Amino acid sequence: MELKKINEYSWEIPKHDNMNVPAVLYASDKLLEGVKRDRTLQQAKNVACLRGIQRNAYVMPDAHQGYGFPIGGVAAFDLDEGIISPGGVGYDINCGVRLLRSDFMEKDVLEKRTLLLTEIFKEVPAGLGKGGTTRLSQRVLEEVCAKGAEWAVENGYGRKEDLLKTEENGRMKEADTSFLSKRAIERGIPQLGTLGAGNHFLEIQKVLEIFDKDVAKVFGIQSQGQILIMIHCGSRGLGHQVASDYIKSMENKFGFKDLPDRELINAPIRSNLGTQYYKSMSAAVNFAFANRQMIAHWVRDVFSKVMGSAEGMDLIYDVCHNVAKFEEHTIEGKQKRVCIHRKGATRSFGPGRKEIPEVYRDVGQPVLIPGSMGTASYILVGTSEAEKLSFGSTAHGAGRVMSRHEALRRFRGEQIKKELEQKGIELRSTSWKGVAEEASQAYKDVDEVVRISDQAGIGRLVAKVVPLGVMKG
Amino acid sequence: MKKYRFLHHTADAKFQAFGETLEEAFQQAALALVSLMWDWEKVGDKLEVPVQVEGHDMKQLLVNYLEEILYLFDTRRFLLSRVGDISIQKKEGRYVLRTLFKGDKYSNETEIFGDVKAITYNEMEISGTAPFMIQVVADI
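Protein chains in written order, with the working numbering: chain A, 1 to 473; chain B, 1001 to 1140.
The hints are simulated quantities; they were obtained by calculation from the structure and are not laboratory data.
Heads up, a few of these hints could be off.
[Said to hold, decoys possible] Taking lysine-lysine pairs in the DSS-like style, the calculated list, with each CA pair at most 27 angstroms apart, reads:
1. B:Lys1090 / A:Lys248
2. B:Lys1091 / A:Lys182
3. A:Lys182 / B:Lys1105
4. B:Lys1059 / A:Lys182
5. B:Lys1059 / A:Lys248
6. A:Lys257 / B:Lys1059
7. A:Lys417 / B:Lys1102
8. B:Lys1102 / A:Lys182
9. B:Lys1091 / A:Lys253
10. A:Lys248 / B:Lys1091
11. B:Lys1105 / A:Lys122
12. A:Lys30 / A:Lys4
13. A:Lys257 / B:Lys1091
14. A:Lys257 / A:Lys15
Computed from a predicted model, the values in this text were never measured in an experiment.
Build the full structure now, drawing on both the sequences and the hints.
This is the structure we're talking about:
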């Protein structure tokens, strides 16, 4: 496929065949090599063919092949002509990242690290098969899905001010639980307050490097060695079921014969089915917000118990990286409300946007980019440029380069744990095989991903953090 | 007996399951899927769950059938270890699959090593004539 170089960090697939718009990719030569090895470019082209797509289809620096849309894909659709697609959000609706700050320093935590991890491991249900600690009724689960993190705070999980520092204030108001299937609710009931497996994790991190002191300070990050807590998880089986349900019903209603890929199934935004999907997706988004809110609360409880206090453990931010939303953007010189799909992409709004917390409105929103197991993670800040370059979006993580099967063949969980220990990282997991699958060698270099985000201007570097303790789901 | 294999796929799990018959390939596909989450050879078979799924075409039937395994695990902690005889019939333009899932309930002794989020249509292939083969990419 023809790829035109725009500048050192961006590339374009010019409009051809059935494409309605070009596709633009943010990558270095090195990242591009990886992308060319799988179907990412073809999938970006397919997205650019969808009805009502605006400006460009975008591909983030950590992109890799997905199903339908690539992972790391961003697309905006006209509200009248355009579509909404469950495959453009992904199966793990509102998979996202939450970051807590603290006043603790590395030396305070190192002494008690083992105990902290043991207690967190007890409090926060990880891994599969281990249901949540609370068995809910269907009525309560529906309330969770309607109110998101607000429900959690009202029920004693965390602080009211946490909501102000959560994307959407922890609640998408359009959620309507009457459109959730019985199966989605049944799957949600035992899983609220769980981390889940795969690449989901909870880390005790320390700040390794601060690139932008002023912005870091606004985020509550003051010094090297400061302890932060990162939580990466999503909406579990409930979200997966919502995606599967609507892929099925959209296919039954509209068919897929005109689509280059069955996973690109979609519905007009204004159709009944399109509306129902959006409202169900919002319910799943809320489930995930409540999930991360509860986990953050338990982490604070453990710090209170072990360290004597959880004071200063304020939320920095909570971001979704698999979601569809209605936002205003400038398109062909005009302000326009569009339906943005971010699949494996983080919103990266710059200063002034009304959607971001007031305390961050002068600098831009925090963008949280988790690395792979045992490697660095990054805190970036959104930019105004990003709105022009990527509808205010950037990368969401490292992005895989090796299949899990291959990782299992090459690595042993026990060995990885030892290697991490040598690097000063303590690891807890319920499964050695799960650890091997998530070996950092199976991922792209997150350092390179954030460097390109920074250079391309879609999210600027603020701080680099590394783990001291990892709990893998 | 295992009659499935995994293929290279960057992000997800891609497998092929084989059978002397299409029904056997369906049985093997279930075991391949399950092998991503637990070791089915080490799980007992004292629980039985009758299963009936439908699809407007063979691929949707396959998705619904495999998703039943994820659903039963999430909601009932059911660990599949064997798939009984499968019947696939076409009724009023829809495919209907009936079988009996056998397995056991999750306990702390069972290692669960991975999460399968969903069954996708990506690169899905079903060869309906001998040699029967089913190819699936699961989102994990």
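Verification of the supplied hints:
| no. | hint | result |
| --- | --- | --- |
| 1 | B:Lys1090 / A:Lys248 | 19 angstroms, holds |
| 2 | B:Lys1091 / A:Lys182 | 25 angstroms, holds |
| 3 | A:Lys182 / B:Lys1105 | 22 angstroms, holds |
| 4 | B:Lys1059 / A:Lys182 | 23 angstroms, holds |
| 5 | B:Lys1059 / A:Lys248 | 11 angstroms, holds |
| 6 | A:Lys257 / B:Lys1059 | 14 angstroms, holds |
| 7 | A:Lys417 / B:Lys1102 | 35 angstroms, violated |
| 8 | B:Lys1102 / A:Lys182 | 24 angstroms, holds |
| 9 | B:Lys1091 / A:Lys253 | 20 angstroms, holds |
| 10 | A:Lys248 / B:Lys1091 | 19 angstroms, holds |
| 11 | B:Lys1105 / A:Lys122 | 22 angstroms, holds |
| 12 | A:Lys30 / A:Lys4 | 16 angstroms, holds |
| 13 | A:Lys257 / B:Lys1091 | 23 angstroms, holds |
| 14 | A:Lys257 / A:Lys15 | 22 angstroms, holds |
Comparing the model with each numbered hint stated earlier shows that hint 7 is the single one that does not hold.
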